[in-house]
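> Taken in sequence, the protein lines are chains A and B.
Throughout the first sequence, residue numbering follows our numbering, covering 1 to 202 in sequence.
Throughout the second sequence, residue numbering follows our numbering, covering 1 to 202 in sequence.
FYI, nobody ran anything at the bench for these hints, they're computed from the structure.
Beta carbons are placed, not taken as given, at the ideal position from N, Cα and C, and that holds for glycine.
Not one of these hints is a red herring.
With a cut-off of at most 30 Å between alpha-carbon atoms, the simulated DSS-like pairs for lysine-lysine come out as follows:
#, chain 1, residue 1, chain 2, residue 2
1, A, K43, A, K16
2, A, K42, B, K201
3, A, K42, A, K16
4, B, K201, B, K185
5, A, K201, B, K42
6, B, K16, B, K43
7, A, K43, B, K201
8, A, K201, B, K43
9, A, K87, A, K42
10, A, K196, A, K43
11, B, K90, B, K43
12, B, K42, B, K16
13, A, K90, B, K90
14, A, K201, A, K185
15, A, K201, A, K43
The following residues of chain B were derived to be distant from chain A, with all beta-carbon distances above 12 Å:
#, residue
16, D25
17, L26
18, N52
19, E80
20, S170
21, Q171
22, N174
23, E179
24, G180
25, S193
26, L198
Covered stretches of chain B (chain A as the covering partner; in silico rule of three or more C-beta atoms under 8 Å from a C-beta of chain A):
#, segment
27, 117-123
28, 158-164
2 protein chains.
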Amino acid sequence: MEIAERIRLGFQRQRKGQVLVSQDDLCSSLLFILDGEVRINKKSDAHNYELNEWTSQPLVLQPESLFGLSTRYTRTFTTETAVHILKVNKDAVRDILFYYPTFRINFLNLLSMRVQLANRQLWRPAASDLPLRFVQFLSSRCLRPAGRKELRISMQTLADELLTTRLNVSQLLNSLAQEGLIELKRERIFVPSMEKLLMGKV
Amino acid sequence: MEIAERIRLGFQRQRKGQVLVSQDDLCSSLLFILDGEVRINKKSDAHNYELNEWTSQPLVLQPESLFGLSTRYTRTFTTETAVHILKVNKDAVRDILFYYPTFRINFLNLLSMRVQLANRQLWRPAASDLPLRFVQFLSSRCLRPAGRKELRISMQTLADELLTTRLNVSQLLNSLAQEGLIELKRERIFVPSMEKLLMGKV
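Construct the complete structure from the given sequences, taking the supplied hints into account.
In structure tokens:
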């Protein structure tokens with residue numbers, strides 16, 4: 001393969017439980033997860049809550065962090081199983097990969113799609129309905145609107161974020177738990193399937 | 001200039017009051033405003049409010065609309081003065097302009113920056129303070145957080161969007177008007193300087 005001849009491709013196998021990149025790390029290469037499962041974690045700016053997502057789909061880690069204003073990762077990626085990764089450093093991406101129309105178009109499509117989706121979310125009407133507001137809070141923070149998620153947050157912080165009372169949040173979460181859409185643990189809200197939560201509440 | 005030899009560059013002069021592109025138009029070229037003033041309008045999805053922005057800075061119209069999921073403009077751009085524009089069709093952008101590292105890097109930086117800024121906004125903490133909530137509502141919908149803006153919205157729609165009452169919105173707007181940060185007309189909120197409003201309230 002012509003590309004493989006021109007750039008040193010860093011194929012690696014990583015064991016379970018390895019941190020691939022950390023939130024706030026400088027992004028100096030494009031990292032592809034080829035197979036295996038990863039956990040994606042992000043802490044809020046005030047460090048008062050955090051979100052975990054899991055995915056076993058092939059994935060490129062935050063391609064928008066390679067260029068732009070702030071070339072730092074905004075999430076932490078940890079392996080949940082053994083994974084195969086491919087690492088291409090930034091110079092090679094910029095000088096060689098972009099020479100290939102297919103890569104270039106895929107990269108541009110990916111970034112453009114992320115701008116489009118984010119802007120659609122920013123213009124979304126406010127939900128007066130509390131369950132919908134909770135689902136929007138969660139989905140607008142997810143990298144992908146599918147799979148299982150875990151929100152680590154106190155009742156009071158969630159109440160503040162949803163502009164409501166602690167009592168209302170407590171009732172909301174208990175009702176969602178009874179519907180089987182979430183599972184509640186101490187300061188942890190586990191969503192077995194984001195698809196189901198979205199279908200049930202949007 | 002080498003680029004100019006290879007692609008047909010569509011330099012044009014447009015009179016005042018011309019619609020350059022409309023919200024929902026298919027984006028089939030990259031359009032640069034080289035000088036002059038344009039008004040940028042966006043209607044909310046439910047068509048219950050709209051936002052106007054004005055800028056006289058050089059500008060490329062929604063480069064994220066050229067690729068991705070939905071290749072349609074999401075805003076309307078109208079000339080407020082005579083302007084000079086440069087139009088490069090999508091094929092030429094894709095096949096020729098991307099051949100030039102400077103163009104490529106600028107384009108990637110621009111898209112990446114927009115993903116980064118939008119994601120920062122999506123993770124912004126909810127403001128319990130109503131003036132700040134209003135400023136966030138406005139700034140998250142602006143293409144640029146500077147210059148003059150006009151929001152055409154009813155008191156009730158704004159109250160719904162800010163999750164508060166019509167009375168609270170009315171008091172908020174009157175107080176901002178007294179501070180000279182906004183000017184009120186019937187169903188229109190005019191912001192002479194978004195910078196000042198942001199400095200005063202964020």
